[in-house]
Amino acid sequence: MSTMSRSRTSLSPATSERSTLPMGASADPDSPEFIPLEPTREELLAHYFERFKFYTSLCLGTSAILAVFAFLFLIPFVVEPAIQTILAEFAPEAGICAVSEHAYAKTLTNCTWASCREGCTTTPTKCHKIRVNLLRQPFVENAPVPTEWDATDLKFLINPEGCGYPPRVNCSEFASDYAGKKSPKVFPCYYSQTRPELVVARYSWDSTIRGLILALVLPTTVFVISLSVLAYWHCHCCDRACNRRVHAESYASKEDSKLLCELDEDPSDDVF
Numbered sequence: 001m002s003t004m005s006r007s008r009t010s011l012s013p014a015t016s017e018r019s020t021l022p023m024g025a026s027a028d029p030d031s032p033e034f035i036p037l038e039p040t041r042e043e044l045l046a047h048y049f050e051r052f053k054f055y056t057s058l059c060l061g062t063s064a065i066l067a068v069f070a071f072l073f074l075i076p077f078v079v080e081p082a083i084q085t086i087l088a089e090f091a092p093e094a095g096i097c098a099v100s101e102h103a104y105a106k107t108l109t110n111c112t113w114a115s116c117r118e119g120c121t122t123t124p125t126k127c128h129k130i131r132v133n134l135l136r137q138p139f140v141e142n143a144p145v146p147t148e149w150d151a152t153d154l155k156f157l158i159n160p161e162g163c164g165y166p167p168r169v170n171c172s173e174f175a176s177d178y179a180g181k182k183s184p185k186v187f188p189c190y191y192s193q194t195r196p197e198l199v200v201a202r203y204s205w206d207s208t209i210r211g212l213i214l215a216l217v218l219p220t221t222v223f224v225i226s227l228s229v230l231a232y233w234h235c236h237c238c239d240r241a242c243n244r245r246v247h248a249e250s251y252a253s254k255e256d257s258k259l260l261c262e263l264d265e266d267p268s269d270d271v272f
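In the working numbering, the protein residues as written are 1 to 272.
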């Protein structure tokens, strides 16, 4: 009996294929009668699904990593400025401002603050410093210069951060538009209701909220979706939990469902 079982296990693929061929046919691959076995439709679908799963997992993993770096990058450039803008509670309508002083300073000691600087992470060595007088009344085009002001010599910034990057922020153009020879005597400005010393030239509630929502939602959504799909495909515990739930729903009684869970938790059932 042992000799017979040993002979069965030692059969080569050619011998097993030869047994399925017609009488007298040869199993030699070079033989004209040799017909290779074609993969079934299920095998082809499984093969293509595994390839799709591999490349999709690679893209999802890359997307999750990029989403994390994008979120960390957006915190100092979008999220934090937007929160500061919201906390400042700028007036919805622009007030009336007029320049009271303009200075172009150099060196670090003279640029302790700046109305505008290009680059929020660098220390300015050259800066424009503009101060304005403020009247907290709605701005009207071609209005005369007020004789009385609500506040004088306030620091005038291009935005709540006082900095930015080209082309959106250009400090030379900003100084020319508001303190140049051809600049208007009065212009609209936005003042803070919680920080009386803060006056800015640009403010939009809709743009601030839109930028904050996009900076928070987009990277988080991409990260969560990518991680969820990867966990469903490659996490053995998640896959077993999902399959257990689907199989348990097909059982009528609680005893059958409990028996199913005990069988799933038995490590002896795992083939791999």
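Check each hint, because a few of them may be wrong.
Said to hold, decoys possible - Derived DSSO-like pairs (lysine-lysine); straight-line CA-CA distance at most 27 Å: (1) K126 with K106; (2) K106 with K182; (3) K181 with K106; (4) K181 with K126; (5) K181 with K129; (6) K129 with K53; (7) K106 with K53; (8) K155 with K182.
Quick caveat, the hints were computed from the structure, so don't treat them as lab data.
Verification of the hints:
1. K126 with K106: Within the cut-off at roughly 4 Å; holds.
2. K106 with K182: Answer holds: K106 to K182 is near 24 Å, not above 27 Å.
3. K181 with K106: holds (21 Å)
4. K181 with K126: Satisfied, since the Cα-Cα distance of roughly 20 Å is no more than 27 Å.
5. K181 with K129: holds (16 Å)
6. K129 with K53: violated (58 Å)
7. K106 with K53: violated (59 Å)
8. K155 with K182: holds (21 Å)
Of the hints listed earlier, those the structure fails to meet are numbers 6, 7, in rising order.
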